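There are 2 protein chains.
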Amino acid sequence: MGSAGNERLAGLAGARILITGGLGLIGSVLAERLVDVGCDVLLVDSLNENFGGNLFNIARFRDRVSVNISDIRDKHGLRFLLRGCDLIFNLAGQTSHMDSMTAPFEDLEINCLAQLSLLEVCREVNPGVRIVYASTRQVYGRPQCLPVDESHSLQPVDVNGINKIAGESYHTLYHDVYGLRTTVLRLTNTYGPHMRIKDARQIFLGIWLRRAIEGRPFEVWGGQQKRDFTYVDDAADAFIAAALSPETIGKALNVGGSEVVCLSELAQMLVDANGGGSYEQKEFPVERKKIDIGDYYTNDSAFRGLTGWKPRVDLRSGLLKSVQFYREHFARYV
Amino acid sequence: MGSAGNERLAGLAGARILITGGLGLIGSVLAERLVDVGCDVLLVDSLNENFGGNLFNIARFRDRVSVNISDIRDKHGLRFLLRGCDLIFNLAGQTSHMDSMTAPFEDLEINCLAQLSLLEVCREVNPGVRIVYASTRQVYGRPQCLPVDESHSLQPVDVNGINKIAGESYHTLYHDVYGLRTTVLRLTNTYGPHMRIKDARQIFLGIWLRRAIEGRPFEVWGGQQKRDFTYVDDAADAFIAAALSPETIGKALNVGGSEVVCLSELAQMLVDANGGGSYEQKEFPVERKKIDIGDYYTNDSAFRGLTGWKPRVDLRSGLLKSVQFYREHFARYV
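Sequences listed follow chains A and B, in order. For the first sequence, the working numbering assigns the number 1 to the initial residue and increments by one for each residue that follows. For the second sequence, the working numbering assigns the number 1 to the initial residue and increments by one for each residue that follows.
Think of the hints as simulated: they come from the structure by calculation, not from any bench. Hints are not guaranteed to be accurate.
Copies of the same chain are indistinguishable here, so a pair counts whether it falls within one copy or spans any two.
[To be verified] No farther apart than 30 Å at their CA atoms in a straight line, the calculated lysine-lysine pairs in the DSS-like style are these:
no., residue 1, residue 2
1, Lys198, Lys289
2, Lys75, Lys321
3, Lys290, Lys75
4, Lys226, Lys198
5, Lys251, Lys198
6, Lys321, Lys310
7, Lys251, Lys282
Since the model is a prediction, treat every value here as computed from it, not as a measurement.
Required output: the full structure, derived from the provided sequences and hints.
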């Protein structure tokens, strides 16, 4: 965002902002940014134990936000909560690729049905609201060419990818047909303080980091796959930049990372950030291999061009901040 | 199919075949074809009054098929019904574009949730079954170039198109990941005896034909839009050809029509087939215009190449057969 971005952000003072998935990785960082400039922020989160929500994520500013613990599948609750807000950061979702295969109906309920509910309710009780929705690189499936831009075909390799396509398509459709002011951001791997580290459900880097801090070796499946990574502060900035840029309305836009590395490089960077540790490179488990996407990294020039956003935290710094955070607050996350 | 096709069809004698949406336009024509060569055919249909099912469609061979009136949203029923069948023609769906906008959750339940249920149940109780699924040109949205082949981007313009993408993607995914032998056919406008003529829910040609037979003018919205049309016998042949061609497994393939006409030409052809009548060209109603796709016609050379299928009934003949059928059986369909 830069200083110009901060001035624009200040223009949101007093705005009533709802964040679904507000106790999660991006939601909680976004929330603090917004309350700091005087927004009236309501966080809606299910605290589903398999997802990314954690009340500790908002401990520092708990007295300055409203929190409503509820599932976005609760349509009646949504109708009350969505009324009167100016801006929705719609971040709630089932994000685990493996869980989408073992529990496909839950993924469908959250990533399709609840999204359609949210939009129908907005259309009915709050048609003027601005919405920024968190989608995922997973909609593209295995890249046919790199880096991947928005013209790449959508050929998802798991139930999560299929359902997220539906979820983002509803958002775009409700703009095109009903004039709802929606923007879709397709995120790549987002990491940093506040991520889930109990397991690999939110991001594999979570469990890597946990093991490294515990002094245990972590597993790297494959190792040569290339990926890009967005530090959570940059991801939060991207959502704010999208909300403040009317040019993004009606569009689905990629948001990428600061740099591209292969996973074995990333593993070594994490060991360095941790000041020690080790990892084992392993073959992909059979059931993971079937839904693996190979190399992926993002072309997000469209989003950068429309908003002026760019990532500001490089991977080494981001990993160091993450290690420091989890060393200090480990017990809150495991 | 030709005579070679008929010989191959005879190879299905004794096969246990389930048709979802089996009392509808394509399902019922397919069913008669299959019982005629000695298949053991079970038709599953909800007889939802807004959809295409009609018991009269199978009156001629009612004693040679089994019929189970149930909704594919009934997962427990599906588990019993799907067990032991060799081949599923999965045709049940919500097909109305307008209804998908006014009742989006019903469209989602039928075109997403129930499809995922069906595939999960197959994976569990009948993983060796062969499945051919009816998808739609609606997944493409407004054509960027014509004719539309399978490499065209998927940019649906209504909830139905979004949900059908999910429905067909689940089929392809369950092939890729679990080895289910699925084929997806993307149909264009299918018409002929057994179509719904009460209203335009299944195809606008239905209500045109009804009005023409009643001696009332029918409405043509726009008129210059180009479309292709598949006669129902050809569509049924396409499903059989797909089922008999292992080369189609794992693919999503277009199935097109015999020729391309604009809607005002079609209207005149219908008047000719009917031996009289009239129509009024009108502006698109506002809420239809938003989800209209403009010109659409199909490139189905991939499907033709893999199966040898081609349409055999031209539009004039198909319209004439349709008029004759509905003159004789009008009361059964209105």
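Going through the hints against the structure:
Proximity of Lys198 and Lys289 under a CA criterion of 30 Å is satisfied intra-copy only: 22 Å inside one chain copy versus 50 Å between copies. When the C-alpha separation of Lys75 and Lys321 is checked against a cutoff of 30 Å, the pair qualifies neither within a copy, at 38 Å, nor between copies, at 48 Å. Taking the shortest alpha-carbon separations for Lys290 and Lys75, only the inter-copy value of 27 Å comes in at or below 30 Å, while the best intra-copy value is 35 Å. In the homo-oligomer, the alpha carbons of Lys226 and Lys198 lie at most 30 Å apart inside one protomer (24 Å), although the nearest pairing across protomers, at 56 Å, exceeds that limit.
For the identical chains of this complex, Lys251 and Lys198 are neighbours neither inside a copy (34 Å) nor across copies (38 Å), given an alpha-carbon limit of 30 Å. Proximity of Lys321 and Lys310 under a CA criterion of 30 Å is satisfied intra-copy only: 19 Å inside one chain copy versus 63 Å between copies. Neither within a single protomer nor between protomers do Lys251 and Lys282 lie at most 30 Å apart by alpha-carbon distance, with minima of 39 Å and 32 Å respectively.
The structure is inconsistent with the numbered hints 2, 5 and 7, although it conforms to all the rest.
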